[in-house]
Every structure is written in structure tokens, then in C-alpha cells.
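Asker: Here is how the chains run, residue by residue.
Number of protein chains: 2
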Amino acid sequence: MRMRLRLKTVFVLYFMVSLLGLIYALMQLGQRCDCRGHAMSKDQQISQLRGELQKLQEHIKTELSKKTDVPKIYVITPTYARLVQKAELTRLSHTFLHVPQLHWIVVEDAPQPTPLVTDFLAASGLTYAHLHKLTPKDRKLQEGDPSWLKPRGAEQRNEGLRWLREMGAAAEGKEAAALEEAVVYFADDDNTYSLQLFEEMRYTYRVSVWPVGLVGGMKFERPVVEDGKVVRFHTGWHPNRPFPIDMAGFAVSLRLILTNPQARFDGDAQMGFLESSFLQHLVTMDDFEPKADLCTKVLVWHTRTEKPKMKREDALQKQGLGSDPDVEV
Amino acid sequence: MRMRLRLKTVFVLYFMVSLLGLIYALMQLGQRCDCRGHAMSKDQQISQLRGELQKLQEHIKTELSKKTDVPKIYVITPTYARLVQKAELTRLSHTFLHVPQLHWIVVEDAPQPTPLVTDFLAASGLTYAHLHKLTPKDRKLQEGDPSWLKPRGAEQRNEGLRWLREMGAAAEGKEAAALEEAVVYFADDDNTYSLQLFEEMRYTYRVSVWPVGLVGGMKFERPVVEDGKVVRFHTGWHPNRPFPIDMAGFAVSLRLILTNPQARFDGDAQMGFLESSFLQHLVTMDDFEPKADLCTKVLVWHTRTEKPKMKREDALQKQGLGSDPDVEV
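Chains as they are written, first to last, in UniProt numbering: chain U, 1 to 329; chain R, 1 to 329.
Keep in mind that the hints were calculated from the coordinates and are not lab data. Remember, it's a predicted structure, so these values are computed and weren't measured experimentally. It cannot be assumed that every hint is accurate.
A pair holds if it fits inside one copy or across any two, identical chains being indistinguishable in the list.
As the list claims (entries may be wrong) - Simulated pairs of lysine-lysine, DSSO-like, Cα-Cα distance not exceeding 27 Å:
1) 311 with 174
2) 72 with 174
3) 318 with 297
4) 297 with 67
5) 297 with 307
6) 309 with 297
7) 297 with 72
8) 137 with 318
9) 150 with 140
10) 140 with 309
11) 297 with 311
12) 307 with 318
13) 137 with 150
14) 72 with 229
15) 307 with 150
16) 307 with 140
17) 140 with 297
18) 137 with 309
19) 229 with 297
20) 42 with 140
21) 174 with 67
22) 309 with 150
This is chain U alone, in the form it adopts within the complex:
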């Protein structure tokens, strides 16, 4: 009897406990399955959080983390005195300030450095070289000439290349090794550049290429990529030029420029052939490295700034009431 009683007790106890366990398990089952309803909003939360995170990461990447262990980008910018020059250089510098390891090579079309550009660069917060090279008169656009008549900036870009080669020749040890990885980009002072563009070009083995927006009478021009290779170009004009690509649409490894000292821009090149005059010394189309998601993203725009009209200024100046010439614009 004692044994049976004990067994019964154990049995009943076990039954009670296991029943409670089962009930608890079933309750949990009901509760936990509530998560189905929440799953959606959790997905939303996750995607929202991811979005915020990405925003901050980009912010930090561009603004705060001045990375020092990435290849340098040498940007060559030809510039010339005009009413909008300081404005253009100002907004361009704001873009460049976000790009880690960017070295700006500013080449003025002037017989000597101008005070405006000198002071501007000194206050810009950027690492820069300030050069100048006057375009010979016979190669210069004259007042009233259409802008396509002669290529602009060839002499200045060549001066930038000369400076790079001089620097390259003088570099030794670690410095020389760093130059091996660097990349060179030709950035006119009126175009618009996304920050992503610079990360696309940063790792360039020979020549990187990508689309350019609002150029050549087109929404964009771009290299057409098939099986990871550039096979032709989407362009509205002379698609059979050796390299039908805008100045803003490629970057070249500094190593390639240093090992090919003959590569320069031909200031006498026909309209649309300036880029080809330089690139044909360096690569074949087969060498092009397509960037920007296989050339499907527009990350740079060929914007042009209107020449401001000075009608009222001229009228007031005749009356001796013009704007104070001592105020820099």
C-alpha cells in the first residue's frame, strides 16, 4: 500500500507538473506566435534603422573619417579669371573637402598666380598645388568665339601633368610606393561631382571610366559594358572617335602617367578629340575599367554656369556709380 500510495502520489504529482508544463508551453506558443503580427513592423524597423545607419555611415565616411590609408586622388583643375570664377571654385571646394586624400592641382590660365585664386586656396582647407600656365594667344578663344572652336584647358592640364611627373621623379621610398597607387582626374571647375564618384575612381589600375550626365547634347554619354568589358560608347556625336569620352568621364592611374611621359593633351586637337589625344598614349579600349555599377549610374554632371549679364553695372559705371572695384566677387 505504501508503495502504491507513493507511486500514485508520484504519478499525480508528475501528471500535475507535466500538465502545467504543457499548458505553459501552449500559452507560450500562443503568445510567441503574436510575433507574426509584429514581424512586418520589425521588418520596417529594420529597414528604417538600416536607412538611418547608412546615412550616418556615409556622413562619417565622407566628412569625419579622413582616411589616410587609401590611394590618393590628384585632381587637376584648369581655371581662368571670369565673373563666376570664385563662386565656381567655392562650391567645388565644398565637394572636395568631403573627399579623403584628395590633392587639388589648380592651374590658372594666367601669366602669374592671381591674388583671388591664391587667397581662395589658402583659405580653402584643402591640400593643393597652385600652378599657372598662360594659353598662347593663337590658341585662345577670342571674345565671341563659340566655346567649341578651340579646346580649353589643354595647356593647363599639361602643366598639371608636368608637375605630377616632377613630383614622381623626386619621390623616394614610401612616398614613391604611395604614388604607385594614386589616381589622376581632370575636373573642370564648372561641373558637378557626387562624392561617390571619387570612391569609384580611387582604385584604378589603368583607366577607369563611367557615365557623364548632361554632356554633348545628351541626357548622358556612357561606355556600354558587356560581360564586364567596355565594348562601345553611347554618345550622340562621332562615336568612332578613338575614345568618344568626356574629360569628366575617366581617371588614370598615376603610375601609367609616370611611365608614359609622352602622354599629354594636344591643344590643336579637333573638337571632341582632346581626350583621345591624351588617352591614345596610355590605353586601348580593352583596358578600360568600367565603374559606377558597370556604367549604369550617373555620378558626374557636365553643368555649365551662365555668364552673368552686366547691363546695369555698365550703365551705372558710366555714371560713376558702379560697384566698388575693391570688393572681391
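We have chain U; now place chain R onto it with these hints.
Answerer: Relative to chain U, chain R alone:
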């Protein structure tokens, strides 16, 4: 013995069955709540993302720690769809990213937010409000109209003001106190802004003023300051307008905007009188606070971007060879 044996058998059987039941229930629990496994990992994901987000936020906060205790600048930017829109917003955002405590209020001239601006803002890294307000047809410039015929952006700036007043009405405590110190600036998306400009306007008691470059057919327009007071305006046109000052040439304390709910832009104002239609509700010339070294420095330029020609695009489109419309420019 038999009884004990039977009881034992029953006990063992029950034990086995209930164990199987429990195991089954537990398995079900795992299976049915497919979401449970994910729910855990989603919760983990969320908490992980939150952690990362907090880390980055703290990182940014410490980086900008010196700058979080300065008055906020609310920048109202009207914008409208056109070929250069993304380019303009891109370079503008690069400028704004350098300015601490800048809150961007972007107001599209559109019946609803466009995907281009929505995606652009989300990736911009800026703090922003994204609004929209369609300009009624009869107030809109038509293709071919000269740009001065009707003021552009009046409805959008008013929508920005409405948003500010709504926010102001909802603010309490510390938040409301911070708004007392904030300043409001109307920044079109094509102009060029120096970084110094924002520090000049940041401390504004009523209305700050300064020169604007390349505006109104002049090298610059500016308030003329004598004995620290604005006494007249250097402008080439209608110097006797109530306030002959460009939209880019002033900033208004948010407090003034909140306490003068009637102040808004008159979309029917004559050319050159849009700024006056707003300012006359808020100040007299006597109240103007001259900035930028007593209005002797040009820190903002009224740049205008050329409308890109689409001649070749149109020709190619007729041949079915136009640029891929799925590529955002």
C-alpha cells in the same frame, strides 16, 4: 506485485506519452512559430542596428560637440524638376553638410514628392524636411516665358513657412526655447553659398542682411552701411522698392516669423517686389543687422546654371537610340 507492476507500466506509459507530447509540442512551437526563430534574430538585428546607430550618433555628436550649442539655421529651398535638378541639389548638399545645425526644408513644386528628390534626400546625410506644393497653373512660368515674368518659388517658400509655424506651435520647453534663437534663410538651389555666410547669419536678432554677388545685372548688390546702420541699397534697379534686396541677401529670426503669422510671400508681386512683400510684415530698414564686415564682403553668388541642350538626344530618340530612361540623371 501485479498492481505495482500495472501502476509502473501505466506510469511509464504515461511518462513516455506525455514526454512525446511535450517533445511534439516543443517541436511545434519551433515550427509553427517559424517567425520565432526569425523574431529572435530580428530582435537581435534591431538591437544590433540600434547599437551601431547609437555609436555613430555619439561619434558624430562628439565630433560636432562644440557646434551643437549654436542656434539652428532653417534653410528653405524651393525646387522643381528639370534636367539639372539632381546636379544642383548634389552640390548644394555638399555645402550644407559642412554647416553645423543646419536643417534643410526642401519644398518641391510638384503635386506629390518625387522619387528623385525623396531618394536624394534620404542619402544626403542632412537633417531635412521634405515638403511639396504645386504652383497653380496660372501663376506658373510657361515654356518660353522670360524668367522675370512671374516670381518663382513663392508658393513653396510659403509652404516652408507654414511648416515652420506648425513646428513652432507644437514645440514645448527646451525645444521651444531653442526655436527662439533659430534663424531662417531662403536658399535657391542654383546659387552658390560660402560657408562663412552661415556663420554670419547664425546670430540674427531680427533680420540680417549682406551683399549678393552677380545679381540684377550687377557685380553685386548690397546694403550701404553708415555708422553701423543700413541707410540705402547699392542696386541697379528700382532702388526705391521698399526692400531692394535679393532673396539670397537676408535671413530672418524664426521668432519674428512665428510671432508674425501674416508674413508670407505674395506670388502675384511685381518683379523685384517678392522679397518686399514678405519683409514689409516684419521689419523696417532701421531694423536691418548688417553682416559680412558691414556688408563689404561677397559671401553668396546668384549663379545660374544653363539649361542643357538636348539636340542630339532628341535626334537619337527619333531613331530609338535615346539614352536609357531608367538611368537617373
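Asker: Now tell me, hint by hint, if it's right for this structure.
Answerer: Status of the hints after comparison with the structure:
no.: 1; hint: 311 with 174; verdict: neither (56 Å within a copy, 50 Å between copies)
no.: 2; hint: 72 with 174; verdict: within (13 Å within a copy, 45 Å between copies)
no.: 3; hint: 318 with 297; verdict: between (50 Å within a copy, 24 Å between copies)
no.: 4; hint: 297 with 67; verdict: within (24 Å within a copy, 34 Å between copies)
no.: 5; hint: 297 with 307; verdict: between (29 Å within a copy, 21 Å between copies)
no.: 6; hint: 309 with 297; verdict: between (35 Å within a copy, 21 Å between copies)
no.: 7; hint: 297 with 72; verdict: within (23 Å within a copy, 35 Å between copies)
no.: 8; hint: 137 with 318; verdict: neither (30 Å within a copy, 42 Å between copies)
no.: 9; hint: 150 with 140; verdict: within (7 Å within a copy, 39 Å between copies)
no.: 10; hint: 140 with 309; verdict: both (22 Å within a copy, 24 Å between copies)
no.: 11; hint: 297 with 311; verdict: between (41 Å within a copy, 22 Å between copies)
no.: 12; hint: 307 with 318; verdict: within (21 Å within a copy, 32 Å between copies)
no.: 13; hint: 137 with 150; verdict: within (12 Å within a copy, 43 Å between copies)
no.: 14; hint: 72 with 229; verdict: within (25 Å within a copy, 49 Å between copies)
no.: 15; hint: 307 with 150; verdict: both (18 Å within a copy, 22 Å between copies)
no.: 16; hint: 307 with 140; verdict: both (18 Å within a copy, 25 Å between copies)
no.: 17; hint: 140 with 297; verdict: neither (34 Å within a copy, 32 Å between copies)
no.: 18; hint: 137 with 309; verdict: within (25 Å within a copy, 29 Å between copies)
no.: 19; hint: 229 with 297; verdict: within (16 Å within a copy, 51 Å between copies)
no.: 20; hint: 42 with 140; verdict: neither (49 Å within a copy, 44 Å between copies)
no.: 21; hint: 174 with 67; verdict: within (17 Å within a copy, 37 Å between copies)
no.: 22; hint: 309 with 150; verdict: both (24 Å within a copy, 19 Å between copies)
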